[in-house]
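**Q** Given chain A, work out where chains B and C should sit, using these hints.
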Amino acid sequence: MKHWTEILTGAALAVAVSFTATASMAETPANMLVIAYRIDDITTLDPAESFEFAGSEVSRNVYGKLVNFDPADLKAGYQPDLATAWEVSEDGRTITFTMREGVQFHSGNPVRAEDAAFSLQRAVILQKTPSFILAQFGFTPENAAETIRVEGGKLLLTTDKRYASSFVLNCLTAVIGGIVDKELVMANEVDGDMGNAWLRSNTAGSGAYKLVSWKPNESVTLSSNPDFYLGAPAMERVITRHVTESASQRLLLERGDIDIARNLNPEDIAGITGVAGIKIQSELKGRLMYAALNQKHPILSKPEVRQAFKYLVDYEGMQNSFLNGQYTIQQNFLPQTYLGASEENPFTLDIEKAKALLASAGAADGFEIEVGVREAQERIEIAQAMQNTLSQVGIKMNITVGTAKQILARYRSRELDVYIGAWGPDYPDPQTNAGTFAYNPDNSDAAGATGLLAWRNAWDVGDLNAKVDAAVIENDRDTRAQMYLDMQAEFRETSPFVIMFQQIEQSAMRAKVEGFSTGAAVTSTSYWKVTK
Amino acid sequence: MAVADETGGGRGDAPLPRWIKPTLRTIGSIAVTMLGLLFVTFIIGRVMPIDPVLSIVGERATKEMYNEVYLQLGLDQPLVVQFLYYIWDVMRGDFGTSLLNARPVAEDILRVFPATFELATFGVIIGITLGVPLGVIAAVRKGTWIDQIARVVALVGYSMPIFWLGMMGLLVFYGILGWVGGPGRVGIFYVDVVPSVTGMILIDSLLDGNMEVFKDAFSHIVLPASLLGYYSLAYISRMTRSFMLAQLSAEYLITARVKGLSEWDVVWKHAFRNIRVQLITVIALSYANLLEGSVLTEIIFSWPGIGNYITTALLSADMNAVLGGTVVIGLIFILLNIFSDLLYKVFDPRAK
Amino acid sequence: MTMSDTQTLRGWLLSETPTSRRHARLSALYQGWLAFRGNTMAMIGLSILVALTVIALGAPWIAPHDPFAQDLGNRLGPLWAPGHPLGTDSLGRDILSRLIHGSRITLYIVALVALIAPIAGLLVGTVSGYVGGWTDMILMRITDIFLAFPRLVLALAFVAALGAGIENAVLAISLTAWPAYARIARAETLTIRSSDYISAIKLQGAGPVRIITKHIWPLCISSLIVRVTLDMAGIILAAAGLGFLGLGAQPPSPEWGAMISEGRRFILDYWWVATVPGLAIFTVSLAFNLLGDGLRDVLDPNSSEK
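Chains as they are written, first to last, in our numbering: chain A, 1 to 532; chain B, 1 to 352; chain C, 1 to 306.
None of these hints come from the bench; they were simulated from the model. No residue lacks a Cβ here, since even glycine has one placed at the ideal position from N, Cα and C. Any given hint could turn out to be false.
[What the hints assert, rightly or not] Cβ-to-Cβ under 10 Å is the rule here; a few derived chain A residues that face chain C: (1) Glu142; (2) Gly271; (3) Asn388.
So that you can see chain A by itself, here it is in the shape it has in the complex (with noise of 0.2 Å):
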């Protein structure tokens, strides 16, 4: 009996073995890129809808656009991509774009006017929740097929008013300018939806990739287009992997199972940094982390709190420590790189100052709070670095943490007192920050204006609305920057905003990966460029 077991158990050890010896250092094949994201965010393809960042990668790379980024050079801004030029008319409120030829769908249809004007007009009337991108110029379903029509080849575009053309080619830059296939899309309609359920699923672009399969919080698979118009694409097969935890993304690309690793936290990027064969690559994105401070709070609402607040934060340390190497020091609204972004961070961490600050406002006994902040490690500590500095004035910080969707729901019904949390730009132009942080036409709770920031806190902005609007339809590049940089310096002093960090997206790669990048702040993530 005793030998019998001791055999069983060798034998079975010897198959275990045998099944689960892999070679310690794989190799992704040389025509396929092999990514490790988080996409559990992806809720569907339809440039119409699609709204999160995974799902917006995989837009850039399988519709193409009027105007668009090149991923070798974000910083020319944009350039032409399906339109080849483009003309204001005299009003300012017009553009006439002429459509590239030669181009064709993935379905060998050929990219028009037509189709262009048909993603657009679809994305006005579909209503989804980026179509505001598009509403704001004064489309609505009911004039969508006039405001947005062919004539003679070629597609207008007439705005309600004259806005800034760099503007509004910015914004049709975003994933909502997406062309789709109008004779596929309508071949797959169903109920008059203009296709939109078929889409959410499937693909109809003209781009570099096309969709092979989209399984939802598993993988997204996508296949070169031989016949993309900039040339065929090196990667002739990209894969993106579910993967959430940074762990196991670090020992995928150091195993070589992956070429990419897009979701490493500072600890494992400084884990994986020198490791031969491995690289880091840094892109500042749009986004922003910042605290705000709900006006309605009888304390909070002193404009001497609010500037106390600002220098409560201790940037320094947070930045060096824990937001090591994924966030840096930026106090104002405009990302930098963006148009009228600018460069004074005056706020540093002074508990003087905060003290003699509160106390002119009558608040020098301290008073008690509460933040909501999401369930994200970066965020809660944030929270939690804030919650010591502010203890040290007498101020109590309760720390609620919550599902993104819990927080939001209270922070739109105006409920945080503070609120933590990010904002990333929904188009590469200065109005997608500044219309949100300064901008609030009607503070009453009635207006319900939940998309605005200033409204979420309550922040009556008093003369910057003028100004934004000001420089929404300023065409002059330089004035439109000075008019940005001014309300920038204005809101600084005034608005419950305590703007702490921009974004650093860290990639890390297998040393041979060339060509690969995240878009920086102005787009997302390009792969028709990326060699190995």
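**A** Same frame as chain A, but now just chains B and C:
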């Protein structure tokens, strides 16, 4: 025969089969419990302070859009009516659409369930193959070091936080030693390589004859399944031991031993035979427990099963998905419990 | 009842012929204690729990540092560092101090659940078993419904709905725990209710309330105690699981499950941040299991698990 004729009339030709009434009772009891389950989850869903309309239309929607979707979701109806609609839908297999990815929840659940099933089954198999012999040996050699080891194994199993052990296991066996595959069901290249017949990659790859995928899938499942298997083994071995102890001290066995029956025969041919039914109920319960243990395990190992699905849904307030997943798991739980109750009643007349 | 000079306290307690009810009770308790004491493993469990209680009560004096004191310049400090024997966490807080203060939270959860769930279960179970009929059916259906839920999923759902926080977590766990006690209490009640002893009391004119509270409850208590103690481990693990998912105590609270979750990110290079609280949870669960096993051997020696 005259008596039979006199008493047999009036009721029809034959009395109802003996098993009809208890079966009806069981079905009725399942139905009532399921109804209660649905009710509780439904209430939880409505209590959540999250606006499902906002989840769909986004926050920059106009009031008209908001109202339209509000009516579409039927939120203007009284709660009771909403609940009735919900039950009607569920009975037809329609769990609604996921607020997160706008797919039918039923489809999503069908997709993720085989992953959990595969994992739990593998875990239970490990638990049985190791746990039963361990329990038997511990009973036979009660008080010796083997018994102590079995006890320690079980104790540790009851006391260890499963998510912590999983993390440590992943760190050691994958991170440091590289003996097993990492998080996920298969390595990235093997995704979708074999056609999905049952949804269980181990079986599908065997059906397809693709040994590479099989090996890879095996190396990925072995660690989480061993983890679950350990917990299953702790429970099964303890129960087996106690059943065997009860049997081994029974009088008829003492008589048998006195008559000269070999120890092997006593243990396996008699004692073990008698506890087989009890063991099956234990295994069924263990299976049910594993379904629950899978929630945390799947999170650690990025295993796309129903535990992961429910947790993600809960944290994103995707109520339809949560309700659907909970109903499915609840149903399985109930069925497993009833199954073990039934078996017990059928084979153990004393328990009546 | 007096003690003669020749008798010791111990002798009195071990006497075969108790002289009064109180004497009998005390005697039973003492003999139970002796039996329990002979069980090494159970004693180990008990001593760990006593130590836990002492640590928890004395936390402010025992902990070397303030568990909330941050030191961003000394994050993720290693084990055995001077001043921080168990290292520091991601915000530079001393892990040992957080562990010590976290024991209070653990005890708090244990105490609350141990109070709420068994009492609720006892009530429901005894009433259901004694009264029978429709009440019994309805109450048992409700019990079944709660038993039909995997405990963690139900707790998750409750906390997600009510919001995170320790009290809600305790409530959620209690809600999943009470059905088992109700079942036990009901089973005991059913066995007892038809006994001669109860019939005799009924004949003496005792009403149902009196019967349930004075006669049935005391008999259920011992099996409940065993079951509760054994369940404690599971409850602690469930609370840790909720804390791990971020649904338990809120930061900066040093709840052990939350500590593991916070340390999870650093598992490859700074493994102790997550390992240490895990070991603490394991130790306490183990202690409850050992204690429960020991109690069961003493109080319920005929149970099948022996």
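**Q** Indicate, hint by hint, whether the structure satisfies it.
**A** Structure-based check of all given hints:
{"no.": "1", "hint": "Glu142", "in the structure": "violated, 41 Å"}
{"no.": "2", "hint": "Gly271", "in the structure": "holds, 5 Å"}
{"no.": "3", "hint": "Asn388", "in the structure": "holds, 5 Å"}
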